Amino acid sequence: MVLGSGFYVLSFHENDKLNISKGLNKMSKDVSLGKTFFAGIWDSNPVLRLLLGMCPTLAVTAAVKPALTMGLSVVFVLLFSNIVVSLLRHQLKPHLRILMFTLTIATAVTIADLYLKAFMPEMSASLGPYIPLIIVNCIIIGRAEACASKNGLIVSIIDALGMGAGFTITLCVLAAIREVLATGNIFEITVMPGSFTPWAAMGMPVGAFITLGLILGAVNIISKKTA
Amino acid sequence: MPTPVAAGVNSWFLNKFELERLEMDTLQTLLLGFIGIVLVNNLVLTKFLGICPFLGVSGRLDMAFGMGLAVTFVVTLAGTLTWIIDHVFLIGTSLEVMRYLCFILVIAGAVQLVEMYLRKFFPALYESFGIFLPLITTNCAILGLCLFVNLWGIDNLLEAVVLSVGAGIGFTLAICIMAGIRENLELADVPECLQGAPITLITAGVLTLAFMGFAGMIR
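So the sequences go chain by chain: V and C. With my numbering as the guide, the letters of the first sequence map in order to residues 1 to 227. With my numbering as the guide, the letters of the second sequence map in order to residues 1 to 219.
Hints were generated in silico from the structure; no laboratory data involved. Given the structure is predicted, the values throughout are model-derived calculations rather than measurements. Careful, some of the hints might be misleading.
[As the list claims (entries may be wrong)] Straight-line C-alpha distance at most 16 Å; calculated EDC-like pairs for lysine to aspartate or glutamate:
#1 V:K65 <-> V:E188
#2 V:K117 <-> C:E96
#3 V:K225 <-> C:E192
#4 V:K35 <-> V:E188
#5 V:K224 <-> C:E192
Excised from the complex, chain V in its bound form:
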């Protein structure tokens, strides 16, 4: 993991270091395809374990719909970049590889952005700059470096799908909690009783930070119990 939180591990707390190193160890040990896929969802979940891709996680989770759109866009970009990097891995010059990753990702993001603008213009407008910001999402460049540039096509595809699924599920869970508490609805369908008073703060930045903090705390408790 050259870019992203890998460097920041230096200044992280013991708890986080333990989680991150556990996640990374699991990744390198896993060989079977099924394990590679499920590693991305729990053991080395990009958001909850590796602390990657925090910006979109916090920014688009005020409601489930944008969170799902964001998650699926990231799955597409991750798949595209992992396939291209995996196919080109023998031609890569070491000192140029980061540049090559970035350009591949930027191309994929441009495709995703144009697709959203054409077919879901309202969603594209409400997501604003966060779709183009997938370019600097550490998850994608991290997977290109840690997995796709070392493994064959099949493993890279499964890895992209697993990591993408882990990211999308995390986003949707966070968004569901926030949307229910902020508006009483989920997917714009009312689920809470009429007497429920919406918590306006949940729709604001403060709700995003605190909910994610508490979810990380819960994940720490669960992983300690199961360890």
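Go by the hints and put chain C onto chain V.
Frame of chain V; chain C shown alone:
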């Protein structure tokens, strides 16, 4: 229902429109834009940009300040260069599709240039920035600012430069406040499962509440 993100963008457009209607003079526009991006639309605390270094490098105040300075430097350069490239080359030749590719290349190039320049002429400063400089390429605050300048339709160079500097100062402010709080948090009795990243996120949440007080300050 519009998301908060969309509401933020819309309110900025309204502000711009109102400013034009009132025919305020340029200096006032620049000043309001500057205060707006430092406090009201702070990239870290209201737009969630640059969260990775915000969480990772905010452990000690001196490191946080170094990171803030490096980001301010690069974001000023990148914001100015991308505005020029966007308006001189891309819009002129209808190549807007290439925008994201160009932006990320400019940012990576700017970081590389800054790194080479500092290593040659200010070795002491280069040593103290250390690992932060190459990391800045993947800092979302930089690309985010370039995209926001484009999204808000800033059509004069001076305003783009002022916004870029403001974004860097806003980032420095946020990360330094956070580092100060975290240095004191070391002495606090935090539940074991919340130590590390979780408590940092919760602290950041409380900090955004404080910054919400600035919302509506600029109309």
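Results for each hint:
Distance check on the hinted pair: K65 (chain V) and E188 (chain V) sit about 9 Å apart at the alpha-carbon level, within 16 Å; holds. Straight-line distance between C-alpha atoms of K117 (chain V) and E96 (chain C) comes to about 14 Å, which keeps the hinted pair within the 16 Å bound. For the proposed pair K225 (chain V) and E192 (chain C), the alpha carbon gap of about 13 Å is at most 16 Å, so the pair holds. Using a Cα cut-off of 16 Å, the hinted pair K35 (chain V) and E188 (chain V) is violated, with the two alpha carbons roughly 35 Å apart.
Restraint check: the Cα-Cα separation between K224 (chain V) and E192 (chain C) comes to about 11 Å, which is no more than 16 Å; the hinted pair holds.
In terms of the numbered hints stated before, the structure departs from hint 4 and from no other.
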